[in-house]
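Using the hints provided, position chain B relative to the given structure of chain A.
Protein chains in written order, with numbering that gives the first Met the number 0: chain A, 0 to 251; chain B, 0 to 261.
By construction, these hints were calculated from the structure, which means they are not laboratory data. Keep in mind that the hints are not guaranteed to be accurate.
Think about it this way: if two alpha-carbon atoms lie no more than 27 Å apart in a straight line, the pair counts; the simulated DSSO-like pairs of lysine-lysine are [claimed, not checked]:
| # | chain 1 | residue 1 | chain 2 | residue 2 |
| --- | --- | --- | --- | --- |
| 1 | A | Lys110 | B | Lys24 |
| 2 | B | Lys24 | B | Lys238 |
| 3 | B | Lys24 | A | Lys48 |
| 4 | B | Lys126 | A | Lys74 |
| 5 | B | Lys44 | A | Lys106 |
| 6 | B | Lys189 | A | Lys74 |
| 7 | A | Lys110 | B | Lys44 |
| 8 | A | Lys154 | B | Lys44 |
| 9 | A | Lys106 | B | Lys126 |
| 10 | B | Lys52 | A | Lys17 |
| 11 | A | Lys48 | B | Lys52 |
| 12 | A | Lys246 | A | Lys9 |
| 13 | A | Lys246 | A | Lys213 |
| 14 | A | Lys74 | A | Lys154 |
| 15 | B | Lys52 | A | Lys106 |
| 16 | A | Lys108 | B | Lys44 |
| 17 | A | Lys246 | A | Lys202 |
| 18 | A | Lys17 | B | Lys44 |
| 19 | A | Lys74 | A | Lys6 |
| 20 | A | Lys74 | B | Lys44 |
| 21 | A | Lys48 | A | Lys74 |
| 22 | A | Lys123 | A | Lys108 |
| 23 | A | Lys154 | B | Lys126 |
Every beta carbon over 10 Å from chain A, so not counted as near; a handful from chain B, in silico [unchecked claim]:
| # | residue |
| --- | --- |
| 24 | Gly23 |
| 25 | Arg113 |
| 26 | Ile159 |
| 27 | Ile194 |
| 28 | Gly228 |
Glycine included, each C-beta is placed from N, C-alpha and C at the ideal position.
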Amino acid sequence: MTDLILKIEKLHKSFGEKVILNDFNINITRNTSQVIIGGSGTGKSVLLKCILGLIEPDQGIISYNNTPLNRDTRKEINFYDEIGMLFQGAALFDSLTVWENITFAIKSKRKNDLREIALDKIHKVGLDSTVLDLYPSELSGGMQKRVALARAIAKDPQLLFFDEPTTGLDPIMADVINNLINEIIDQVGATAITITHDMESAKKIADKISMLYKGNIIWSGDPGEIECSNNPYVDQFINGRSEGPIKINIKD
Amino acid sequence: MINYIYNIPHAIGSNVLNLFAHIGKISIFFYEIIFCTFTLPLYFKTFFNQIIKIGYNSLPVIGLTAFFTGSVLALQIYVGGSRFNAESIVASIVALGITRELGPVIAGLMLAGRVSASISAEIATMKVTEQLDALTTLSTNPIRYLVVPRVLAAMLTLPILVLIADIIGIMGGFVVATQSLGFIEQSYIKNTFDIIQLNDVISGLIKAAVFGFIVAFMGCYHGYNSTGGAQGVGRSTTKAVVSASILILASNYILTSLVFNS
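Chain A extracted, bound-state conformation:
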């Protein structure tokens, strides 16, 4: 029997008449890196927000370690203490220094202990102690992403979420972030769920890739299989062709 950390069944979410997730199902096995790819507006971010409890789904069940998640159970099982999230734009708190950002969620510790934890995490993401007292606005985009990554792993989470981790970064920095994600997943021993449309990133960090289209998974497989998926949608997406079954509505 596979060890599932996250199970999503018949998830449905729409905004007005626009259906975003339609009968969505996925099983995430513990200690794997699951990447969900898909074009803009296919529901990737909505899916992540539903899992995190930032958006209430219309229907469906999201189970974490066999516990169905809702507002109450997330509190009961301390869900947010067991996860880490890397936001697309880093989402660091402007008014706090780097070390305060990293240790934000760690309560009941003295300042010196918190700085020690921040230092340990900042080393893990390839930065040094000189950035600890800087504010996010004093950092480059790549450094902000690394600090955000350090914040995501500050509590040694079981489940890590990455929302477009390489968006807005140059190819070299994107590769650095991909390597860091792989190292951190190995170090922390966590399960990772990444949503992205960057195929290089997906192939590099995934144990399993699924493609989301019109609110549902249309293909799943290993990264090595994606080039020969025989799925015209996947084929069009990974080769970045404008011609194919995926129609882009320019008016939208």
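Same frame as chain A, now just chain B:
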């Protein structure tokens, strides 16, 4: 023509639904603030930071406004009073006008312009940049962390600011009356202290606490519910200032007529 006829009930219906949705959202937001205020944890560091930002940093603006309001009030009362040969009432009217009405209202409106706008822009930007979502994923309730300290700080600091505005406003009247209208300093001060009662000052301070709540609540509410990127941040800021200003003036009338009219 028929389309227009159909459109009228449609427009009325959609506006009524929007109004109820708005009232519902405000009520839930209000309930969450009350709940978070009376349950732990309270973020004292953020609260003290907000006291500095909202209270201390607003002192120059409110002090200057109060001084000029007191000054111009003395000039106007002198002109009005001289028509009835009652120039001597300047000190009394300035003192009562500032403590009972103008001190709290002017300070409230200045705070609405300065603080409500800044709170709304700050929280709306945090929403646009996903910092509010980040708070949730870091086991922190955004209302508890961002809203409650601001509301409490505004409710605590505005009465103090109003007390200072009262003193500076009366001083403004005193300076104009003694330096340009020919009043004798001792008699002006005596008239001022003779007319003011403790109730006049306290009623102004109670109003100030209510206005402080309105200023912070409107700033937080519009910032928290901002949508639509940078344009949405601008829209929420405007809404916060306008709604806070209108609510201050409306609640001032209600408080004065129902509670402080005697």
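Right, here's what the structure says about each hint:
1. A:Lys110 with B:Lys24: violated (38 Å)
2. B:Lys24 with B:Lys238: It holds: about 15 Å lies between the C-alpha atoms, which stays within 27 Å.
3. B:Lys24 with A:Lys48: It holds: about 21 Å lies between the C-alpha atoms, which stays within 27 Å.
4. B:Lys126 with A:Lys74: Holds, at roughly 22 Å.
5. B:Lys44 with A:Lys106: The given pair, whose Cα atoms are some 14 Å apart, holds under the 27 Å limit.
6. B:Lys189 with A:Lys74: violated (62 Å)
7. A:Lys110 with B:Lys44: Satisfied, since the Cα-Cα distance of roughly 14 Å is no more than 27 Å.
8. A:Lys154 with B:Lys44: holds (22 Å)
9. A:Lys106 with B:Lys126: With Cα atoms ~24 Å apart, Lys106 (chain A) and Lys126 (chain B) stay inside 27 Å; holds.
10. B:Lys52 with A:Lys17: Violated, at about 43 Å.
11. A:Lys48 with B:Lys52: Distance ~33 Å between Lys48 (chain A) and Lys52 (chain B) Cα, so the pair is violated.
12. A:Lys246 with A:Lys9: Satisfied, since the Cα-Cα distance of roughly 25 Å is no more than 27 Å.
13. A:Lys246 with A:Lys213: The given pair, whose Cα atoms are some 11 Å apart, holds under the 27 Å limit.
14. A:Lys74 with A:Lys154: holds (17 Å)
15. B:Lys52 with A:Lys106: Answer holds: Lys52 (chain B) to Lys106 (chain A) is near 25 Å, not above 27 Å.
16. A:Lys108 with B:Lys44: Given pair Lys108 (chain A), Lys44 (chain B) holds - Cα atoms ~15 Å apart, limit 27 Å.
17. A:Lys246 with A:Lys202: holds (24 Å)
18. A:Lys17 with B:Lys44: Violated, at about 43 Å.
19. A:Lys74 with A:Lys6: Measuring from Cα to Cα gives roughly 19 Å; hence the hint holds.
20. A:Lys74 with B:Lys44: holds (24 Å)
21. A:Lys48 with A:Lys74: holds (16 Å)
22. A:Lys123 with A:Lys108: Holds, because 21 Å separates the two Cα atoms, which is no more than 27 Å.
23. A:Lys154 with B:Lys126: holds (24 Å)
24. Gly23: holds (15 Å)
25. Arg113: It holds; Arg113 (chain B) is separated from chain A by about 18 Å at its closest Cβ, greater than 10 Å.
26. Ile159: Ile159 (chain B) is indeed farther than 10 Å from all Cβ atoms of chain A, at 24 Å.
27. Ile194: It holds; Ile194 (chain B) is separated from chain A by about 46 Å at its closest Cβ, greater than 10 Å.
28. Gly228: holds (12 Å)
The structure does not agree with the numbered hints 1, 6, 10, 11, 18 stated previously, though it agrees with the rest.
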